[in-house]
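**Q** What follows is the residue order along each chain.
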Amino acid sequence: MTFPSLETRGLTIRFGGHIAVNNVSCSFRPGELTVIVGPNGAGKTTWFNLVSGQLTPSEGSILLRGEDITALAPSARAKRGIGRAFQLTNLFPGLSVFENVRLAVQAKRGTGPRLFRPAAAYREISEIARAHLETARLESVADLPAAALPHGDQRKLEVALLLAMEPEIFMFDEPTAGMSVDEAPVILELIDTIRKDSSKTVLLVEHKMDVVRALADRIIVLHNGEQVADGAPETVMASEIVREIYLGIPAGEAA
Amino acid sequence: MTDSELISAPASDPVRKGRMVVYAIALVIALALAFAPFLFQDVRSGQVAARICIFIVLAASYDLLIGYTGIVSFAHTMFFGMGAYGAAIALKNSGAHWSSVIAGGGLGVLCAAVLAVLIGILSLRVKAIFFAMVTLAAASVMLVLVSQFSDFTGGEDGIVYSSPNLFKPATKLLLGDDGKVLKIMGVSMDGKIAAYYFVFLSCLVLYWFLARIVRSPLGTVLEAIRENEMRAEAIGYRVVAYRTAVFMIAAIVAALAGVVWAVWLKYTGPESTLSFAIMIDILLMVVIGGMGTMVGAVIGATLMSIAQFFLKDLMEAAAGATSFLPLVPNLLNPDRWLLWLGILFILLVYFFPAGIAGTLMKKGAHK
Ligand SMILES: Nc1ncnc2c1ncn2[C@@H]1O[C@H](COP(=O)(O)OP(=O)(O)O)[C@@H](O)[C@H]1O
Ligand SMILES: [Mg+2]
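Going down the list, the sequences are from chains A and B.
Residues in the first sequence are numbered consecutively from 10, following our numbering.
Residues in the second sequence are numbered consecutively from 5, following our numbering.
Okay, chain B solo, but in the shape it has when bound (with noise of 0.2 Å):
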C-alpha cells in the first residue's frame, strides 16, 4: 500500500464525486478570476473581483483559526485593517511610492504580528469564550482608537489617497503600433488592470501559502488540538505554543492582505476595513463555505460576495419579469434584498450543514 492511498479517505464514490464538484466549483472560480478584467468589462465587477479576492484570502485565513484549530476571534478585521492603515497613512504623509506601501505596510503587519503574540500569549491558556471576549474587547478598542485620533486615521471619514504610479489609469503598461495605450480583446493594458492583477497574484500567493500549511504536519497538529486539545498536550505538543503561533500566522496573512486592499481602493476607513460587519462577513463565508476545508472558503466568499452586489439587481431583474403577477413583484422588490440573502443563508445552512465544500466532501460529518 503506497501513502497516498493510506492517507486519503476510504474512496466510496459519493464522497469521491463531492470532491471533484467542490473542486471543478473552485477551479471555475479561480479561472473566472484570474481572467476577471476580460470577462466583466464593467467597472463595478471590477471592484467585486478584487473584494472576491480579498475576501478569500480573509476568509481562509480565519478558517485557519476557527475551522482547523477551533480558535474562535473576534479580531480578524483588526488585524485586517491594521495592515491597511498602515499602508494608507503611510501612502498619505509620503507619498504614493511603494516605499510608502512596503514600510507603512510592513510597519502594520508588524505590529499585527506582535499584539496577535501579545493576545496569544496573555489569553490563550483560559477558555475558548473567554479567549474569544479578549478580541472582541480589542477589536472595539481599535476602532475607537481609529476614530479618537482622527488627525492620523481620518476618523469615521477614513483616509483618502493615490496608489504607486503604476496603478494609476493614465499608466500605459504596453503600447500598441499606433502609439496608444494597447488593447487585448477590448482591455486596456493600463495602471487599472496592473491594480487588478497586483490583487489576484498577491492574494493567490497568500491562499497558497494557507493552503500548504494546512497540508503540512503543521495543520495536522492544529487539527488535533481542535479535536482533543488535552490529548494534543499529552502525547508531546505544546498546544499555547502552537496556539499563539497560528494565530499569529492568520493575523500576519489578514493584515498583508489589508495592505493589498488598501492599495487597491485608494480609501481606508473604518466601514472597509474594521467594522463587525466585516467581522460577521467572514465569518459567514467561512460557516457557508465550510469550516476547516480551506477550499471552502473560496466558494463562501464569493458566493456571499456576489449576492451582495448582485442580489438587489436580480431582484430588480426578477420583479420587472413578474409585474403582471399579484403580489409577487411586491415580494421581489429590491428594498427586500436582506430579506432574501437572510432566507438564502438559512437554507444553505439547512441543505449544508457542514458549509457548501464540507457537506459536499463529507467533512465534518462526525463531531
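If we strip away everything but chain A, and leave its shape as in the complex, we get (with noise of 0.2 Å):
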C-alpha cells in the first residue's frame, strides 16, 4: 500500500492549561475531499496550524507522503507541497493583487540565481499570477493594493494565493465566510475543480450544510478538540454524536 498524502498522529496542543487539539490521528489520501466540521473553538483553526507549520505541536506527529515533517519550518512544509488558505484574511496590504498572486508564484517556481534582474522580467511568473487571477475572477482589480478591496475579492485572493503555491495537499479555512450570496459559488466551484484531480488532497473547514453535502467525500467532527467521527458524510451526518453535540439538523434532514 502507499503512503497516505497527509496524517496526523497522536496530534496534541496545549495552551497553558487548555487542550486545543486532542490526540488527533487521522490520514488522507489523494483525491479526496474532506471536510471538518464542528462547533467554534473546536479546534479546527487549530488543527491547520499544526498541519501547515505556524504551530508546533505539544506532542504527536505529522507526516506528509511518510516523511515526518512535524520540526520544518511552515516554508519548508509549502516547498513540499502543503497549501493553506486562511480563516482570517491574510494577504500583502500594502502590495497589488498582483504582486500578492506573483508573489505565491514566485515561491513555488523560484527565479534563479539572477539577483539583478527586474522582476517584471520574469514573464513566466507575470503569466501564471495573471492566469490565476483570472480563475479567481480578480483581473479587473489587479492593481488596487490588497487593503483596497472589498471583503468579497480578499477571500478570492486568499483563494487565488492558494492556487498559486501549486500545493500538493489544499487546506481551506471557511473560504466561503462572509461572501455575498452570489460570490461563493465562485470559490465552491474551484474548489469543486480541485477536487476533481486524483493528485490532490483536500481539506476544508466548513459551515455551510448544503456545501459539505455537495462537496464532501468524507466528513471529520472535532468538538473541544477531540476527532469526535470520521466517516463518509451519510454515515457521519446520521450519527447521534453528531447530531447531539453539532449539526442540530432535524434528524430527517440528515438521511
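These aren't lab readings, by the way, just hints derived from the structure by calculation.
None of these values were measured; they are calculated from a predicted model.
We put the CB at the ideal spot given by N, CA and C, even for glycine.
Watch out, some of these pointers could steer you wrong.
As the list claims (entries may be wrong) - Every beta carbon over 12 Å from chain B, so not counted as near; a handful from chain A, in silico:
{"id": "1", "residue": "PRO127"}
{"id": "2", "residue": "GLU167"}
{"id": "3", "residue": "ALA193"}
{"id": "4", "residue": "ALA247"}
Claimed, not checked - Straight-line Cα separation of at most 30 Å, DSS-like style, residue types lysine-lysine; simulated pairs:
{"id": "5", "chain 1": "B", "residue 1": "LYS270", "chain 2": "B", "residue 2": "LYS96"}
{"id": "6", "chain 1": "B", "residue 1": "LYS176", "chain 2": "B", "residue 2": "LYS96"}
{"id": "7", "chain 1": "B", "residue 1": "LYS270", "chain 2": "B", "residue 2": "LYS21"}
{"id": "8", "chain 1": "B", "residue 1": "LYS270", "chain 2": "B", "residue 2": "LYS172"}
{"id": "9", "chain 1": "B", "residue 1": "LYS131", "chain 2": "A", "residue 2": "LYS117"}
{"id": "10", "chain 1": "B", "residue 1": "LYS131", "chain 2": "A", "residue 2": "LYS88"}
Dock chain to chain to rebuild the complex, using the hints, since each chain is given by itself in its own frame.
**A** Put into C-alpha cells, the structure is as follows:
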C-alpha cells in the first residue's frame, strides 16, 4: 500500500491548561475531499495551524507522504506541497493584488540565481500569476492594493494565493465565510475543480450544510479538540453524537 | 495587456505627476552632484557634495532595511565605521597605497558582513523591538571598543593619514600646453577632483546596486516580509534567511561607503563615522525622503545635508536683510539654527507624512 498523502498521529496542543487539539490521528488520500466540521472553538483552525506549521504540537507528529515533517518550518512545508488559505484574511495589504499572487508563484517556481534581473522581466511568472487572477475573477482589480479590496475579493485573493502555490495538499479554512451569495460560487466551483484532480488532497473547514453535502467525500467532526467522528458523509451526518453536539439538523434531513 | 501595464500603478493623473516631480528632483540632484566640482568651486561645497554622495548610499541601504523589509536597526553607522576604520588603520600603518585601501577596507567590510550575519542569525527570529535593542547594544559596544583601543584606533581623536597618491592635491591628472595642470572651466584637473569623482562614482555604483535589488524578485519578497511576515513564510519564503541576507547586504554597502568616506576625508574618528548622531541623521534622511522608496534617499540626504551645512549662512543673510525690523533679526540669529532645523522637520513631516518621495508618489498612503 502507498503512503497516505497526509497523516497526523496523536496530534495534541495545549495552551496553558487548555487542550485545543487533543490526540487527533487521521490520514488523507489524494483525490479525496475531507470536510472538517465542528462548533466554534472546536480546534479546527488550530489543527490546520499544526499541519501547516504556524504552531508546534505539544505531542504527536505530522507525516507528509510518509515523511515526518513535524520539525519543519512553515516555509519548508509549503515547499513540500502543503498549501493553506486562512480563515482570517491574511494578505500583503500594501502590495497590489497582482504582486500578492506573483509572490506566491515566484515562491513555487523560483527565479534562479540572477539577483539583478528586474522582477518584471520574469514573464512566465507574471503570466502564471495573471492566469490565477483570472481563475479567481480578480483581473479587473489586479493593480489595486490588496487592502483596498472589498471583503469578498479579499477572500478570493486568499484562495488565489493558495492556487498559485500549486500545492499537493489544499487546506481551506472557511473560504466563503462572510461572502455574498453570488460571490461564494466562484470559490466553491474552484474547490470542486481541484477535487476532481485525483492527485490532490483537499481539506475544507466549512459550516454551510449545503456546501458540505455538495463537496464532501468524507467528514471529520471535531469537538473540544477531539475527533468525535470520521467517515462517509451519510454515516457521519446520521450519527447520534454528531446530531447531538453539533449539527442540530432535524433527524429526517440527514438521511 | 502587457507586463508593464499590469505592474505599474493605475495611471491616475496626480500619481503620475507626483512621480514625474520626484524623478525630476532626483535627476537635478544627480546632475548637480555629477558636475559639483564645476558648479560649486569653493572647498566647503565640495565637502558637502561628497558628504551627500556618501549619505545617499547610507540612507538608501538603511531604507532597504527599515523601509523595504521592516527591520529596525541602530547598527548602520557601526558597519559604516567598520569599513572606514579598516581602511584608515591600514592607510596609517601600511602607508598611503591602494593596497592599504583594498586590504584594510576589505577586511573591514568582511568583518561587517560576518558580524551582520551573526547578529542576524542570533536575533532576527525575535521580536522587532528586541532586535533593535541588540543592534543598539552592538553599536554602543563598538563605540566603547574604539575609544578603549586607542593605540590602534586613535580613540576619541581618531586617525589622520594620507590618501593614495592619485588623490594628493599636487597630482596632475591632465597637463595643459604650458606644462602646468590643465584647467577646465576654471577647475584644476588635479588630485582633488580625482578624489571627488572617486567618491561620486563609487556611490553611484553602490546606489545602482541597491536600486536593482529592490526591483528584483528579492525586492518584492522583502516587501512581502514587511507587509506580512507570517504569510510570506506560509507561501514558502524562509523569512529568517531573507532577513539575515538583507541585513548583511545593507551592512556590506554601508561598510563600503565607509571605506570611500575614509579615503576622501583622510581622517576617521568616532564623530565622523560611528556616532549615534550620524545614525539619527540617516534615520531622518530616510523618513524625510520617504521610507520604501529608494529615490527618497537621494532627496532626504540632499535636503538634510544642505540644511545642516547652509542653514546658518542663510539665517545670517536673512538676519542681515531684516536688521531694520524689530525682533525678526533676533529670531533669525544663526545661533538659533537648530531650532529652525527642528521646525523645518516638523513641517516636512506634517505636510509629507510618508516622506517627500513617498507622499508625492502616493506610496505608503495605505498602511
Ligand atoms: N494561540 C492560542 N493561544 C491560546 N489559545 C488558543 C490559541 N489558538 C487557539 N486557541 C484556543 O483554541 C481553541 C480552538 O480554537 P480554533 O482552532 O480557532 O477553533 P475553530 O477554528 O474550530 O473555531 C479555542 O478555545 C481558542 O481560544
Ligand atoms: Mg476557525
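**Q** Could you work out which earlier hints the structure fails to respect and list their numbers in ascending sequence?
**A** Hints 1, 2, 7 contradicted; others consistent.
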